[in-house]
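Asks: The primary structure of each chain is shown beneath.
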Amino acid sequence: MSTSPRKRPASDALVAGGVVVLLFAIVAVVMWISGSALYPPAAVTTQAKEISKLYDVVFAIAVAVFVAVEGLIVWSILRYRRRPTDVDLPPQTHGNNMVEVLWTLIPTVIVLYLFAISWQTLNTVDYTSVANGQKPDIQIRALAGQFQWQFEYLDGNGNHIATQTRAAGEGGGMAVPVGKKVYVTLRSGDVIHAWYVPRFLFKRDVVPGQENHFEFTVDPAELIDGKPATFHGQCAELCGTGHRVMLFSVVAMSQADYDAWLAKLVEIEKATPPPAPSGAPVLTLGAKGIAYDKKDLQAPAEAPFVIDFKNEDPATITHDIDIHGADGTTVVANQEPIAGGTSTQYTYDPLPAGTYQFFCSVHPGVPGMTGTLTVN
Amino acid sequence: MATHALSPAVPAYRGGLYEWLTTTDHKKIGIMYLINSFFFFLIGGLFALLVRTELAAPGIQLFTNEHVYNESFSIHATVMIFLFIIPVLAGLGNYAVPLMIGAPDMAFPRINALSFWMLPLGGVLLLAGFLTPGGAAAAGWTSYPPLSERGALASPGPGQDLWIVSLILIGTSSILGGINFLVTIFKMRAPGMTLFRMPIMVWTMLVTSVLVVMATPVITSALVMLFIDRNYGGSFFLPDKGGQAVLYQNVFWFYSHPAVYVMVLPAMGVISEVLPVFSRKPLFGYKAFIFATAGIGALGFSVWAHHMFTTGAVFLPFFALMTFFIAVPTGVKMFNWVFTLFRGQLTFSTPLIFAIGFLTMFLIGGINGAFSAAVPVDFALHDTYWVVAHLHYVLFGGSVFGVFAGIYYWFPKMTGRMLSESLGKIHFILMFIGFNLTFFPMHMLGIKGMPRRIADYAGDAGWNDWNLLATIGGFTIAVSMLPFLWNVFVSLRGGKLAGDDPWEGNTLEWATSSPPPPYNFDRLPAIRSERPLFDARHGLHTHDGPGGQSDEKAPMALEEGSHDDQGPTP
Numbered sequence: 000m001s002t003s004p005r006k007r008p009a010s011d012a013l014v015a016g017g018v019v020v021l022l023f024a025i026v027a028v029v030m031w032i033s034g035s036a037l038y039p040p041a042a043v044t045t046q047a048k049e050i051s052k053l054y055d056v057v058f059a060i061a062v063a064v065f066v067a068v069e070g071l072i073v074w075s076i077l078r079y080r081r082r083p084t085d086v087d088l089p090p091q092t093h094g095n096n097m098v099e100v101l102w103t104l105i106p107t108v109i110v111l112y113l114f115a116i117s118w119q120t121l122n123t124v125d126y127t128s129v130a131n132g133q134k135p136d137i138q139i140r141a142l143a144g145q146f147q148w149q150f151e152y153l154d155g156n157g158n159h160i161a162t163q164t165r166a167a168g169e170g171g172g173m174a175v176p177v178g179k180k181v182y183v184t185l186r187s188g189d190v191i192h193a194w195y196v197p198r199f200l201f202k203r204d205v206v207p208g209q210e211n212h213f214e215f216t217v218d219p220a221e222l223i224d225g226k227p228a229t230f231h232g233q234c235a236e237l238c239g240t241g242h243r244v245m246l247f248s249v250v251a252m253s254q255a256d257y258d259a260w261l262a263k264l265v266e267i268e269k270a271t272p273p274p275a276p277s278g279a280p281v282l283t284l285g286a287k288g289i290a291y292d293k294k295d296l297q298a299p300a301e302a303p304f305v306i307d308f309k310n311e312d313p314a315t316i317t318h319d320i321d322i323h324g325a326d327g328t329t330v331v332a333n334q335e336p337i338a339g340g341t342s343t344q345y346t347y348d349p350l351p352a353g354t355y356q357f358f359c360s361v362h363p364g365v366p367g368m369t370g371t372l373t374v375n
Numbered sequence: 000m001a002t003h004a005l006s007p008a009v010p011a012y013r014g015g016l017y018e019w020l021t022t023t024d025h026k027k028i029g030i031m032y033l034i035n036s037f038f039f040f041l042i043g044g045l046f047a048l049l050v051r052t053e054l055a056a057p058g059i060q061l062f063t064n065e066h067v068y069n070e071s072f073s074i075h076a077t078v079m080i081f082l083f084i085i086p087v088l089a090g091l092g093n094y095a096v097p098l099m100i101g102a103p104d105m106a107f108p109r110i111n112a113l114s115f116w117m118l119p120l121g122g123v124l125l126l127a128g129f130l131t132p133g134g135a136a137a138a139g140w141t142s143y144p145p146l147s148e149r150g151a152l153a154s155p156g157p158g159q160d161l162w163i164v165s166l167i168l169i170g171t172s173s174i175l176g177g178i179n180f181l182v183t184i185f186k187m188r189a190p191g192m193t194l195f196r197m198p199i200m201v202w203t204m205l206v207t208s209v210l211v212v213m214a215t216p217v218i219t220s221a222l223v224m225l226f227i228d229r230n231y232g233g234s235f236f237l238p239d240k241g242g243q244a245v246l247y248q249n250v251f252w253f254y255s256h257p258a259v260y261v262m263v264l265p266a267m268g269v270i271s272e273v274l275p276v277f278s279r280k281p282l283f284g285y286k287a288f289i290f291a292t293a294g295i296g297a298l299g300f301s302v303w304a305h306h307m308f309t310t311g312a313v314f315l316p317f318f319a320l321m322t323f324f325i326a327v328p329t330g331v332k333m334f335n336w337v338f339t340l341f342r343g344q345l346t347f348s349t350p351l352i353f354a355i356g357f358l359t360m361f362l363i364g365g366i367n368g369a370f371s372a373a374v375p376v377d378f379a380l381h382d383t384y385w386v387v388a389h390l391h392y393v394l395f396g397g398s399v400f401g402v403f404a405g406i407y408y409w410f411p412k413m414t415g416r417m418l419s420e421s422l423g424k425i426h427f428i429l430m431f432i433g434f435n436l437t438f439f440p441m442h443m444l445g446i447k448g449m450p451r452r453i454a455d456y457a458g459d460a461g462w463n464d465w466n467l468l469a470t471i472g473g474f475t476i477a478v479s480m481l482p483f484l485w486n487v488f489v490s491l492r493g494g495k496l497a498g499d500d501p502w503e504g505n506t507l508e509w510a511t512s513s514p515p516p517p518y519n520f521d522r523l524p525a526i527r528s529e530r531p532l533f534d535a536r537h538g539l540h541t542h543d544g545p546g547g548q549s550d551e552k553a554p555m556a557l558e559e560g561s562h563d564d565q566g567p568t569p
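Heads up: the protein sequence lines correspond to chains A and B, in order. Residues in the first sequence are numbered consecutively from 0, following numbering that gives the first Met the number 0. Residues in the second sequence are numbered consecutively from 0, following numbering that gives the first Met the number 0.
Some hints here could point you the wrong way.
Unchecked claim - Listed below are the simulated DSS-like cross-link pairs for lysine-lysine, each with C-alpha atoms no more than 30 Å apart in a straight line:
#, chain 1, residue 1, chain 2, residue 2
1, B, 240, A, 287
2, A, 134, A, 52
3, A, 48, A, 180
4, B, 240, A, 309
5, A, 269, A, 134
6, A, 179, A, 263
Hints in this document: simulated from the structure, not taken from any laboratory.
Take these sequences, add in the hints, and give me the full structure.
Replies: Here is the structure:
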């Protein structure tokens, strides 16, 4: 019984080591199969590329630490299981100051290194022209409200050019020219939101009572054949029942396309709505608290009609009245949203008799923002 | 008949139930903590299943009223944090700490009962929100204003107020419990039980209690301010009236980050008891481990703003540096645990398996946390499912596995009966697989851009498969609770008798009967190290190597250590 309990068949260590190697082989295969599942999506801005590089370093260190420590655990539990012959105690090791110092110092060095490169990257990512006394190429004010975005374009002096009220979808989105420094100011009129574009690897909170700023430059290589590229964005800070519908997109395009796009936006904003066709029936509808005040509207068949629409929500909240066909998906009438506190007259083209669904395109899926239009 | 006349008549109202409802015995209170917490664990789990069911596939399946979805994840997290993890660990501490330091009870037994009874009351108040017109609190467990304020599109209903009151009540329970632990640990230790002979479990409860007593009043202040804003026209957090929205987050996280350590340190204490016993070795680096625990506690107060990296209102480099630093003492602990296993003789009983589950999963929870400490990377990951993965690897992979290690470890002491090993292993395997199926894919979802707290997502976003996997995993975790409940049920009725010391334990609770009598000990073994029972069995081992017989001071048998020398009994 006095034989050292440390003495074990060498095959034990081999088996234990083999299992560890096998485990990591499985992990490697799983990671290979799932491809880039643990990698961020391809970065599209100068800033995001820096973040992606930093991610790679952190990821490499993380995998190394994981493999080393997890391997040690798995090896220990396989190698040192108690056998019926283990009657005597194993060596009663209480510790070792040398190794304690070692595994305090090594992690300290690693985290200091990680901190240093994080700080370095942070200085690039958080850099803005304005904070450094320069003028950015493009200035946009993103206004967040429950539950939509508006993008107000500003000139070099911070004066209003035009506001994009369609945050996503056909003809919507925050247009930016590629290769230009875009300076964004975030404002919220109600609760906290967050401006998040996954492919920018970036988000920033939109805090009421506080302006946040950031700057980005989209890589010109993102334009394939010079066509605009669209990047999905969405609110990332819980902001209420409609949090998930608070989508937007960033549309990157060439400078020429951008100039044309902005000119068109200005034109839309300046255009006075065409006068209502004389004799067309005028319906009224209001919106308050992210809900229409009526659930049912009636209109004559095969004749134009007008809806006198009043948006009584706060200024950051926009609404419109679009119309779905009978199938519930095709859009048969598409209107420009209006900001809270304003009103307008929407004119609709003649519709054949039937039942339609009217809805707010900025609040799709919000129960109060839909109703039935009966045309007869 | 005559014997009846001799025994005192037991009035009907002094039945078993009355005894439990009025007890001040720390062991009974500890067990009630565990049962109450486990009940809320099941409720919190039910809400998690609802959320996972909704997210299994794109499209709205379950929650046609999406407000109820927001209520579900808000109440899930609130229940799991404040009514399960924090109290279940306090319950294990309540049961174990007085036994481990050789004390007859907690220092203030009646305050102990009060701390417990506030919990079910707090839980009922929280859930009562569902019966109110606006439903339960739905602004997330963090309840950031202005969303948690009384606006029409914010949180108009009384559910949010009930949430506040419930949390203040539970917080008060924590503070009272924390003070009770501190006084118990400092004043009630048996003779010979110096601070550096205390079991690690006691040390972690000590550091946890310091955190609780220092931090909980701070969140109470945030909650009171929010309550004033909502009900008495205050404007602490309302920017349009001169308040500041981010102020709440600073105050909230000043508590809630240390609260993470409140939720994990005692679980670390549990596995630091389990690993040595089932390895037949002392904990590697006992003192280093204590300093690391204290270090985590201290650093824990300087990292709160890493929850706020994207607010634009934080000095980022400081909080990034501090957050990275906290990895160092955590790493020290990890290596100490692994080197406790190293060259040991491991017996894979259920407590050890759960403790190893803690090691392997908490490691991932530590590593994926480092990504968020790197501020620019956090700009991508913050408020996505990556963070959901991270926090569950810490609080489920870490704490919950630790809690089950503790329950399997101390169940024989609490009840006098052993749990079934085979059912325990089935429980572990199901829970381990289910846990990883649920939470590992969330890394992929987060990095690919899926935000937290959304009821639905587009079918073409590339998130479908990972979400389905996570939902399957969630139901696997739910199923894993069945063998556990069945195990407890059958073992209570006919489990193998445990005896005083079924595991060859190291610490004092194994020196008394199972279950222990009121006031715990008739006699105590001599306490010459952090392993008094080991010393009694094998002789004192203060140096490397098995040198028991040569050590003259080693007491080979239980030594008289009577109740009377235990210092003043209040």
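Asks: Against this structure, judge whether each hint is valid.
Replies: Checked hints:
1. B:240 x A:287: 22 Å, holds
2. A:134 x A:52: 27 Å, holds
3. A:48 x A:180: 15 Å, holds
4. B:240 x A:309: 27 Å, holds
5. A:269 x A:134: 27 Å, holds
6. A:179 x A:263: The given pair, whose Cα atoms are some 20 Å apart, holds under the 30 Å limit.
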